[in-house]
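**Q** Read off the chains here:
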Amino acid sequence: MTTDRHKARAMGIAGALVAALAVAGCGSSSSSNAPGVTATSITFGTHQPLTGPAAPGYSEIAPASQAFFDYLNAQGGIYGRKIHLVIKNDEYNPTQTVSVVHELVLKDNVFGIFEGLGTPTHTKVVGFLNSSKVPDMFVASGCACWDDGTTQPETFGWQPNYTIEGKILGQYIKQHFAGKKVGVFYQDDDFGTGGLAGIKDELPASSIVSTQPYQPGVTNVAPQITALKAAGAEVLVDFTVPIYTALGQLTSFTLGYKPQLVVSNVGIDPITVGGLLKTFSKGKAGTELIEGAITDGYLPSSSDESNPWIALFKKIHDQYDASAPFDGNVEYGMANAYTLAQALQLAGKDLTRQKLIDAVNEKGAQLNGPGLVPYRYSTSDHGGYAGVEMGQVRSGKIVLFGGPLVTEPTASSPITAYTTAQPAPPASGVSVP
Amino acid sequence: MSTSAGAEPSSAPNRGWRLRAPAGTLTRSLGLVALAGVIFLAASEGLGSYEDLQLASGAYYFVALAGLTVLTGLSGQISLGHGALMAVGAYTFTLLVGDEHWALIPALAAAVLVSALVGALVGSAATRLRGPYLAGATLALAVGLPALADKYTGTFGGANGLTINPPTPPSWLGQSFPLERWEAWIAGAGALVVVFLMHNLAHGGVGRAFRAVRDDEIASSLCGLHVGRVQTLAFVISAACAGLGGGLLAVVLQLAAPGAFGLGLSLSLLTAIVLGGLGSQLGAIWGAGVLVLLPGWTDSIAHSFSLSTQVSANLPLAIYGLVLIVAMLAWPTGIQGALRRIIAAARRSLVHGGHSDEGIVPSSPGEL
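Protein chains in written order, with this note's numbering: chain A, 1 to 433; chain B, 1001 to 1368.
These aren't lab readings, by the way, just hints derived from the structure by calculation.
Computed from a prediction, not measured in an experiment: that's the story for all the values here.
Quick reminder that beta carbons are idealized off the backbone N, C-alpha and C, glycines included.
You may find that some hints are simply not true.
What the hints assert, rightly or not - Cβ-to-Cβ under 10 Å is the rule here; a few derived chain A residues that face chain B: (1) Pro63; (2) Asp108; (3) Thr119; (4) Ala205; (5) Val209; (6) Gly429.
Use the sequences and the hints to build the structure in full.
**A** Here it is, written out as structure tokens:
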């Protein structure tokens, strides 16, 4: 009796569920052909470290991009479409990245991913985005992993590849600190190892006395800094995110270790690093610990207010993003957003995912904007900016000098000067490249 | 799903101290698995890709939770280290599939085996510890084990983690069969195996031994039970489940990275079984639901206010905490306990003067 009753009830429940789900299934199967785009809007998604070890500084990037889109939208957007950005927090944790990107693509139906931040994070979703044919525009990382247009047609890098940057930094060290012992402190993933590869391309192996990796998330870098000091490194190259530049410098300070500092452009924004130094030392230290550091830039320095692009970004910042400090991260977010807007302009009024990809493949090298150097975009090469200009932290600000330099991320390709002047920003919206 | 609630003493006469499960339990758990399987298949067919993925995550969380609820709910031991045991399973699976090109099922079996071995080591130490000391020892596991990935970056890939290729749906399912649904099926199949095994275990002699040890160690050793062995066995079983859960997580995410298995995971596993209802499989299902759905809900609540990014990024965690506190105050026996009370009350009001159904409480004297 009881078993029969249970059986009947179970069948009933199962039947009802099947029916309900079949109805639900029919409803969701009728999706449109171009997700995330309507006559009046385009929606992009992004994964950002809003909390976690990479959050200081980097958490300002996507809100700044959003501010630039707000500015554009107020002027009517691109072809009458307003650009929206759905920002998801992945905590710089690869596992979170996988789940938020699936959510953006499968649930929020975004048109594409824009400015996904981080090397260890974004590498985990490139496969998914490419197999799902979702445009993966202008990754916020200089890993060489985004450059391959042949196997990853949907993914485009944006900032200079870390190997290109490492080569140019390495050449500077070779020319200006000849004969000195060099140590490298780097993040133990494709970001750090890419930069290290560039340095090794330029410097004789004998001059590199110690290379010390760190894992993002650790709170003590004394073992690495002690080893660099013990090896007698007179020039210390950092391929670090801001928090580890700050931790490294504080540790060096406590150990009485004062090498010539050379830092990748991703880890030196003086406002971010200075703020972190101040917090970590409870107000006892600040930007003086990175004063004189050699670095580079591919955008004008955010403290150079005479530059018309900086003036424009500052104006947008004051209007739409005033709660963030105006620093290199905000500039990054706006400059990258400008690039996306220009690419959307190139893709034309009748927008599809494929048209956006084709536009950057075919005409991406014509894109221009606040960058000091040209882009490398072509069908086979999806790398972004082709080089950097050397710079130095002077009085707590980055000052660029010597003119922009460009190269390719291979050991044999030469480093050459780039002399084409930066275009002036358009009076409104984006200029057609 | 009320079949387990129908485990009335009258339907299984002659229950004694046998180690084998009563014959009725086997058919009942097979029926349960069949029903759960039908519901799962129907659900995965009807849902979209993202919901399939959520179903898959729910399934791998359930697998880990079902083991933990046996450990904590039935044998009365606490573990703050189950996230680390999931990591053991995930890394074993990823290494075997990625480097050694093992097939799915052998690699999952190996993940179960390796984590059961780790569980046996931890478990034999755990039997010597009680209460907060056991919590402390397992906490060390949760903190220490993921750090090994950073220590041996050559093997474990550091914070970057290890990646594998996604599983390919078999060709007979058709070209357009969504990958997410296939992942959900794999994870769901694992969950069904666990439902079957744990249901039998909980209703058989081993489950009775666990409960006896939980309720009174001295009395159960007087009855001839070896308390230490029983407790170690509980740890091994729950570690094996955690390992399978971790392996299935690696199938779904195609990734094993230390960030996924931090202390936060271990703590949320424990809160999930408490919130779902300690000691029961249905409680583990509710707990898995909480783990999958609550973060999304708290996130959308946090974003429904127009707050600055700084605040809204940190708000979900605060809301999560608040929900937990409120839920524990309102339903101290978890979601499943609350449902049981509601169902029992509804039955009493339907059958006037009818007796309350003793059989629905798993640790009731009627089952011992």
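**Q** Can you give the numbers of the hints that this structure goes against, from lowest to highest?
**A** 4, 5, 6
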